[in-house]
Amino acid sequence: MLVLAAISFIVFRWVLIPIRTEGSSMLPTYAPDKLHFVNRLSYGTTGPARGDVVAIQMAGPHVLYVKRIIGLPGERVAIAHGQVQINGSPLSEPYVRHRRPWDFEEVTLGPREYFVMGDNRGMSVGEHDFGRAQVDRIFGKVVF
Amino acid sequence: MRRIAAIVFVVVGLALGAWFLLGPTDDGALVRARLRAFSDAVNRSTVDGSGPEARSAQLGAFFAEDVDVDLGQGAAPIRGRDTVMGMAERLQPRTAAFRLQFEDVSVAIAPSGQAADVHLTAEFIRRSITTGEESLDAREFTIGMRRVGGEWQIARVTAVDTLK
Chain A
20 MLVLAAISFI VFRWVLIPIR TEGSSMLPTY APDKLHFVNR LSYGTTGPAR
70 GDVVAIQMAG PHVLYVKRII GLPGERVAIA HGQVQINGSP LSEPYVRHRR
120 PWDFEEVTLG PREYFVMGDN RGMSVGEHDF GRAQVDRIFG KVVF
Chain B
154 MRRIAAIVFV VVGLALGAWF LLGPTDDGAL VRARLRAFSD AVNRSTVDGS
204 GPEARSAQLG AFFAEDVDVD LGQGAAPIRG RDTVMGMAER LQPRTAAFRL
254 QFEDVSVAIA PSGQAADVHL TAEFIRRSIT TGEESLDARE FTIGMRRVGG
304 EWQIARVTAV DTLK
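Chains A and B supply the protein sequences, listed in that same order.
For what it's worth, our numbering labels the leading residue of the first sequence as 20, then goes sequentially.
For what it's worth, our numbering labels the leading residue of the second sequence as 154, then goes sequentially.
No wet-lab data here; the hints were simulated from the structure.
No residue lacks a Cβ here, since even glycine has one placed at the ideal position from N, Cα and C.
Hints are supplied without guarantee of correctness; some may be wrong.
[Unchecked claim] As a list, the in silico DSS-like pairs of lysine-lysine whose alpha-carbon atoms are at most 30 Å apart:
| hint | chain 1 | residue 1 | chain 2 | residue 2 |
| --- | --- | --- | --- | --- |
| 1 | A | 160 | B | 317 |
| 2 | A | 53 | A | 160 |
| 3 | B | 317 | A | 53 |
[Said to hold, decoys possible] Every beta carbon over 12 Å from chain A, so not counted as near; a handful from chain B, in silico:
| hint | residue |
| --- | --- |
| 4 | 167 |
| 5 | 214 |
| 6 | 267 |
| 7 | 291 |
Model the full assembly from the supplied sequences, consistent with the hints where possible.
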């Protein structure tokens, strides 16, 4: 019993971190006020892949953004009338239900930068935080 | 067994040494306490019904005379304690109550002991008085603090773009 408690403590303290989502920027994939877990060991050997949902830390690990990886290091990312373009080609995003005609001027990602967005593109662009995140801000992959 | 005990003893000794060398200083604790007092004052002033002038005076005491606030994202910079106090006076907590709390506060004290750099995440939790619904907004900040007459004051606030 004690061993089980110790293992649970270690797992939920350092490996699978429980988080509670707030806000609507990841709808419909993640609804607000739900419990999810961040796997801190997901990117031990490989970096994040396009389509992964990741937690991005602000000043520390207690407040995190939950966003999807859209662009990888070195890629050019733009948004034209709501359609994401990677290196000039449209990106297929089956997880997006509604799109508003957002526009975002093309940026080239640095060698340690990922472009992240929420899945809810039906909200006003001004209310949706998205953009480039440094790799060392990526706290882990959101699972469950 | 004796070897394991020796290893544990050394590890614990090193950890304690590191804590004494790198652990929080008294000044660090004072800066954190001052920021906690500031967030308490903000939170109290939105619900205690105090008048605009009283609220402004309470909050103004936390800022240096020449405070410089840069909220980024195209917002005009706010310069000087009087401007901050003017803004606090205009704060109208009628339609929604909000709560400010600081998370992940890290403090670096300058070698002089008279200044500190703080990095934190500020959470603004708004609760609609009509529906009771809460919404959360969080932003990352660096805050420069200065010791004036023994009291830590906020001298610089700069918003950090977590996503650029």
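*For the pair supplied as a hint, residue 317 of chain B and residue 53 of chain A, confirm whether the alpha-carbon distance does not exceed 30 Å.*
27 Å, holds
*Straight-line alpha-carbon gap residue 160 of chain A to residue 317 of chain B, limit 30 Å*: 20 Å, holds
*If you draw a straight line from the CA of residue 53 of chain A to the CA of residue 160 of chain A, is it 30 Å or shorter?*
16 Å, holds
*Run the C-beta distances from residue 167 of chain B to all of chain A and say if the shortest one exceeds 12 Å.*
20 Å, holds
*asked:* Confirm or reject: residue 291 of chain B is not an interface residue toward chain A, with every Cβ-Cβ distance exceeding 12 Å.
replied: Non-interface label on residue 291 of chain B violated, nearest chain A Cβ at 5 Å vs cutoff 12 Å.
_Separation of residue 214 of chain B from chain A, once the least beta-carbon distance is taken, above 12 Å_ = Answer for residue 214 of chain B: holds, closest chain A Cβ roughly 25 Å.
*Far enough from chain A: is every CB of that chain over 12 Å from the CB of residue 267 of chain B?*
Holds, because the least Cβ-Cβ distance between residue 267 of chain B and chain A comes to about 23 Å, which exceeds 12 Å.
The structure does not agree with numbered hint 7 stated previously, though it agrees with all others.
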